[in-house]
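K.L.:
Below, each chain spelled out in residue letters.
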Amino acid sequence: MTPIEAPLVRVLADDGSYAPSADAERYLPLIDALTDAELEQFYRDMVVIRAIDTQATNLQRQGQLALWPPSRGQEAAQVGSARAARAHDTLFPSYREHVVTRIRGVDPLDIIRVMRGTSHGGWNPADARNGNTRIYTLVLGSQTLHAAGYAMGLSFDGRTGTGDVERDEAVVVYYGDGASSQGDVHEAMVFAASYDAPVLFFLQNNHWAISVPVETQSKVPLVGRGAGYGIPSVRVDGNDVLASYAVSRTLLDEARSGLGPRAIEAVTYRMGAHTTSDDPTKYRGSDEEQRWAQRDPIARMRAFLEGRGASASVFDDVDAEAADAAEDLRARAVTLTSPERSLIFDHVYSDPHPLMAEQKKWLNDYEASFEGSAS
Amino acid sequence: MTIDTMPMSKALNAGLRKAMEDDPRVLLMGEDIGRLGGVFRITEHLQRDFGDRRVLDTPLAESGIVGTAIGLAMAGFRPVIEIQFDGFVFPAFDQITTQLAKLTNRHEGALSMPVVIRIPYGGHIGAVEHHQESPEAYFTHTPGLRVVSPSTPNDAYWMIQEAIRSNDPVIFLEPKSRYWQKGEVDLEASALPLHASRIVRRGSDVSLVGHGAMVTTLLQAAALAEAEGTSCEVVDVRSLSPVDYGPILDSVRSTGRMVYAQEAPGHTSVGSEIAATVMERAFYALEAPVLRVSGFDTPFPPAKLEGTYLPDADRILEAVDRSLAY
Ligand SMILES: Cc1ncc(C[n+]2csc(CCOP(=O)(O)OP(=O)(O)O)c2C)c(N)n1
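Protein chains in written order, with UniProt numbering: chain L, 1 to 375; chain C, 1 to 326.
Because the hints were derived from the structure by calculation, they are not lab data.
Check the hints yourself; a few may be wrong.
Label pairs and their calculated CB-CB ranges [to be verified]: (1) L:T281 - C:A110: 37 to 45 Å; (2) C:G307 - L:Q359: 39 to 47 Å; (3) C:R202 - L:D127: 52 to 60 Å.
To be clear about the criterion: a stretch of chain C counts as covered by chain L if any three or more of its residues have a C-beta under 8 Å from a C-beta of chain L, and this derived list gives those stretches [claimed, not checked]: (4) 53-64; (5) 75-85; (6) 97-107; (7) 135-146; (8) 166-176.
The beta carbon of each residue, even a glycine, is placed where N, CA and C say it ideally should be.
With these hints in hand, go ahead and build the complete structure from the sequences.
P.N.:
Written out as structure tokens, the structure reads:
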């Protein structure tokens with residue numbers, strides 16, 4: 001069985017009709033319980049982030065950003081899992097989880113700050129407005145260990161596993177199919193399993209690690225990895241927001257109830273380039289891209305909503321919101337200016353450090369020596 | 001005043017115990033540190049007395065230990081890690097240098113990383129490969145880390161507590177050959193601050209400067225030199241990043257000569273950095289170039305050759321003679 005053929009949880013068929021796979025059965029009550037407003041919100045999340053994502057790509061093309069990693073195609077996996085997390089859960093993204101961060105309250109401009117080169121972090125996770133969302137990590141797999149350790153801390157502090165899902169905390173960590181080969185991911189699974197840490201490993205298998213296909217990372221479906229660590233794992237159709245939501249919600253609640261870590265392989269596809277520096281025509285065919293375009297998560301959800309009788313005004317309203325969000329992002333992005341030069345020295349250490357003070361003073365004196373001299 | 005005489009291993013154990021009593025958020029992590037008390041017994045009885053959620057026998061995975069300690073620090077703990085031996089820190093090097101050292105900076109100050117990484121380091125114990133190395137320069141080269149090394153039981157007792165109190169990551173290098181060397185520990189009057197260097201022996205002709213286990217060797221060399229009529233001052237650097245240059249420069253300004261000794265290879269080493277800085281700041285006080293005595297720029301040799309590889313009092317005295325010959 002090739003990785004793509006292994007069974008997975010799917011609720012919506014490619015054309016958006018309601019057609020649960022055999023593995024979806026146990027999750028359907030969660031989906032039945034969703035209100036029209038919640039279903040529309042899923043759709044809204046996906047459409048708005050795609051507009052923001054397209055805008056950011058354009059900004060990069062126009063020289064306003066150093067880089068942009070597009071999330072086009074992966075919206076359903078991300079929205080489903082992020083909407084499944086509870087407000088008190090902590091999320092550890094990698095670097096492509098733009099809609100996850102937005103759902104938690106992070107201003108997309110804060111991601112732009114990183115990609116434009118005015119910040120190394122972007123936002124403060126301790127600020128309640130950012131919804132317990134840690135900053136992006138560029139070193140592949142690193143954050144899975146941080147998430148496992150954080151989840152260990154929750155369990156040492158009794159902040160999980162009391163049986164009250166409204167209070168018990170859990171962690172979601174995002175990583176990719178390429179990252180899954182990193183030793184840190186392996187070690188994170190060992191630690192999480194050994195300490196029954198309440199963490200959901202959320203792997204987005206978008207089929208490509210830059211130019212390297214997923215088959216080079218694993219000969220078997222990546223969902224199979226969890227079993228070796230004793231981590232119950234589920235494979236979902238990552239282009240089906242309902243499947244992503246229901247499975248994530250179920251596994252997260254299991255993890256928070258003290259049952260230990262859980263893992264998801266969300267099978268999805270990166271529709272565009274890896275980043276704005278990448279040219280996917282060098283390594284993959286347009287037939288593959290077209291095949292996946294038929295599974296576009298947004299089109300699929302729209303067809304589902306239409307089938308349920310959603311009115312045209314809903315879609316018009318979402319489109320207008322998306323256009324506004326993208327325009328707003330552009331307007332603010334281009335005004336971001338360079339930080340003060342003192343930023344270089346300011347936060348290298350938490351406690352005072354003589355070398356920082358000395359070098360900062362040297363730079364200030366050096367810069368001051370040019371002031372007043374005719375240029 | 002309560003003064004106890006104990007070896008450095010016991011002083012570290014007492015310091016860790018005190019830090020754990022003082023702050024319930026301090027927890028220890030590492031391989032074999034719980035039931036066994038660590039291969040050097042530095043954490044002996046701590047799991048028995050504090051429980052297995054404060055002293056964790058972790059899975060055997062160095063990157064995992066440091067990476068999860070980062071997550072625990074994010075959750076408000078103050079993890080103290082033991083890396084079993086110097087040569088085994090490298091699987092964790094990525095988490096230390098790309099994550100631990102940089103997270104405060106990347107959070108623009110909104111996050112502190114109070115993690116201590118204890119590493120038994122250096123030679124003189126006749127061990128096999130990967131068990132006798134001096135990796136300090138890898139860490140002193142990394143902004144965001146603090147790097148310290150005690151040379152006496154008293155320093156060990158106090159410095160480990162201060163390292164744990166620090167809000168920054170601290171690489172805490174324990175000269176393993178000195179674990180069993182006894183000394184007086186003043187359990188009440190705290191010693192020098194974590195990042196202070198110290199003149200440990202007065203002298204007027206040459207300043208001998210070094211860190212960790214080498215301080216003992218420098219003192220031996222100074223005693224031998226004295227018998228030959230040369231008066232050496234000895235300075236213990238204690239903190240390798242940041243370096244406290246005050247006592248070092250004071251010493252060099254009074255003697256006009258300096259020899260730096262270390263076990264680590266000399267190329268791009270702590271001794272290189274200190275020598276360069278002393279030449280920049282005390283050029284006119286110098287009567288001779290600053291000289292370095294170090295391990296060779298080779299892998300640490302098989303143990304039967306370590307006596308040849310490691311600087312001893314004779315190699316230091318040879319450098320003293322060269323310095324005096326200018
Ligand atoms: C440790 C490390 N090695 C290499 C890179 C360079 N790199 C950035 S993204 C990437 C591919 C990642 O693929 P995957 O994990 O599948 O995630 P995706 O980008 O597809 O979301 C590579 C090789 C890196 N960031 N970190």
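K.L.:
For each hint, tell me whether it holds in the structure or not.
P.N.:
Status of each hint after checking the structure:
no.: 1; hint: L:T281 - C:A110: 37 to 45 Å; in the structure: holds (41 Å)
no.: 2; hint: C:G307 - L:Q359: 39 to 47 Å; in the structure: holds (41 Å)
no.: 3; hint: C:R202 - L:D127: 52 to 60 Å; in the structure: holds (53 Å)
no.: 4; hint: 53-64; in the structure: holds (count 6)
no.: 5; hint: 75-85; in the structure: holds (count 3)
no.: 6; hint: 97-107; in the structure: holds (count 7)
no.: 7; hint: 135-146; in the structure: holds (count 3)
no.: 8; hint: 166-176; in the structure: holds (count 3)
Hint compliance for this structure: no hint is broken.
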